[in-house]
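Colleague: As you go down the protein sequences, you meet chains A and R in turn. Quick note on the numbering used here: the first sequence kicks off at 60 and runs consecutively. Quick note on the numbering used here: the second sequence kicks off at 1159 and runs consecutively.
Bear in mind the hints are in silico, worked out from the structure with no lab data behind them. Predicted model only: the values in this text are computed from it and were never measured. Honestly, I wouldn't trust all of these hints.
The list that follows gives simulated cross-link-like pairs (lysine to aspartate or glutamate, EDC-like), each with its CA atoms no further than 20 Å apart [what the hints assert, rightly or not]: (1) K82/A x E1193/R; (2) K1190/R x E1242/R; (3) K1199/R x D1225/R; (4) K1190/R x E1246/R; (5) K1199/R x D247/A; (6) K1190/R x D86/A; (7) K231/A x D1169/R; (8) K231/A x D269/A; (9) K82/A x D1169/R; (10) K1190/R x D269/A; (11) K1199/R x D269/A; (12) K1190/R x D247/A; (13) K74/A x E90/A; (14) K1199/R x E1246/R; (15) K74/A x E96/A; (16) K82/A x E1219/R; (17) K74/A x E1246/R; (18) K1199/R x E96/A.
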Amino acid sequence: MNSWLFRSLVVLYPKAWRERYSKEVGDLSAELLAAGETTRLHLALGLAMSALAERVRSLHRARLVAVLSDGAALAVVVAALLVTNGFGPGGSTGPRVTPVGWSPSSYGDAQVSAPPSPPVLVSLGSGRTGLEQVIATAASTASGQLCLAAPGGTVVCLLPMGMVPPAYAGEKPTVINGVPVYFGPKGDFYAPSLGVEVTASGPLARRIVDTLTRNRIPGCLQTSPRPPACVTGVAETVKVKVSTITPAK
Amino acid sequence: MTVEGIRGSSDRSVLVLTSLAGGPKHGYGLIKDIEGFAGVKLGPGTLYGCLAKLEQAGLVEALPAEDRRHPYRITASGLQAVRERLVESARIAELGLGRVAGAMS
């Protein structure tokens, strides 16, 4: 078979097919022509038709791959939505993050959960300017003296932060519920991806910090000069004592 | 094409598998063999379209080239697949022949 014509016809095949079989098809075509089993025209027409069939088959495979890829992408999106809405291990109010009976409290992009008993003081957004909001899950002595461990009690504070202190920034963060957390030396935890510093002390401190996760209403924390507290729709499930409050935007 | 997929495949794949069930053959040998037992003459493009599908399904495999000839042989999966297909065809043929005979009598 004329090599120019053969090359032109072989180009019509999908690349993968061409790379694997074109030499064999060429050798067989030459053998058939030499044996007088076929004509050049017949060969050319047959190769052109087969190339078309391979192209169609290849398109079907590509479409299948595209469908599977789209399906995988959709599954990732759905999984991400489930996780960010509390149905996954990294979710905000999912049962794996918030133990049964515990109440979540949110500040900005962060959320922690605390049990109703024993008394736990959860303070949100206190800083140099003073207390913004205190959520006490049980009777407590919430006051302006926040983030100081009461004798035998547990206090958890979520404070705004800008960056991890340089002393800890180089350390490998521990991941809690999908959130990278840097440990400070005195029971303070830094979660820069959530924009908060968590200070916790008392017997339940670590268990409460282990519930740290991303708030289901992200982005409600704004930075300086005075970040507003942001409480999600679960606030009514806990007792709230407000000293000074800035409405959530 | 999967092993199961041969059920819905064209008769050409069955012809190629049936030919290779008799022993390894290269392209020219396959064409002549199939022409001999089935009266069907496959072109190079059609033949290699079948071989590509069957090889992808693991029903046939290429053997080392002999000069400019490229032999193939049927695999165990290919033997099983073509056996099932031929048994099914034989059952349908027997049933059909019986009905035709009944209609003609």
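Colleague: Holds or violated: are the alpha carbons of K1190/R and D247/A at most 20 Å from each other?
Modeller: With a Cα-Cα distance of about 82 Å, the restraint between K1190/R and D247/A is violated, given a limit of 20 Å.
Colleague: For the pair supplied as a hint, K231/A and D1169/R, confirm whether the alpha-carbon distance does not exceed 20 Å.
Modeller: 62 Å, violated
Colleague: Just to be careful, I want the Cα atoms of K82/A and E1193/R compared with a cutoff of 20 Å; is the pair within it?
Modeller: 23 Å, violated
Colleague: Between K74/A and E1246/R, does the CA-CA distance stay at or below 20 Å?
Modeller: 36 Å, violated
Colleague: Taking 20 Å as the top limit, are the C-alpha atoms of K1190/R and D269/A close enough?
Modeller: Violated - the C-alpha atoms of D269/A and K1190/R are around 74 Å apart, more than 20 Å.
Colleague: For the pair we were handed, K1190/R and D86/A, check the Cα-Cα distance against 20 Å.
Modeller: Status holds; Cα separation ~16 Å.
Colleague: With a cut-off of 20 Å on the C-alpha distance, tell me whether K74/A and E90/A pass.
Modeller: 24 Å, violated
Colleague: Are the Cα positions of K1190/R and E1242/R separated by 20 Å at most?
Modeller: 25 Å, violated
Colleague: Decide if the proposed pair is consistent with the structure: K1199/R and D247/A, CA atoms, cutoff 20 Å inclusive.
Modeller: Not satisfied, since the Cα-Cα distance of roughly 81 Å exceeds 20 Å.
Colleague: Hinted pair, alpha-carbon criterion (20 Å max): K1199/R, E1246/R. Please report holds or violated.
Modeller: Judged against 20 Å, a Cα distance of about 24 Å means the pair is violated.
Colleague: Does E96/A sit within 20 Å of K74/A, going by the straight-line distance between their CA atoms?
Modeller: With Cα atoms ~28 Å apart, K74/A and E96/A exceed 20 Å; violated.
Colleague: Run the distance test for K231/A versus D269/A: straight-line Cα separation, threshold 20 Å.
Modeller: 17 Å, holds
Violated hints for the displayed structure, listed by number in ascending order: 1, 2, 3, 4, 5, 7, 9, 10, 11, 12, 13, 14, 15, 17.
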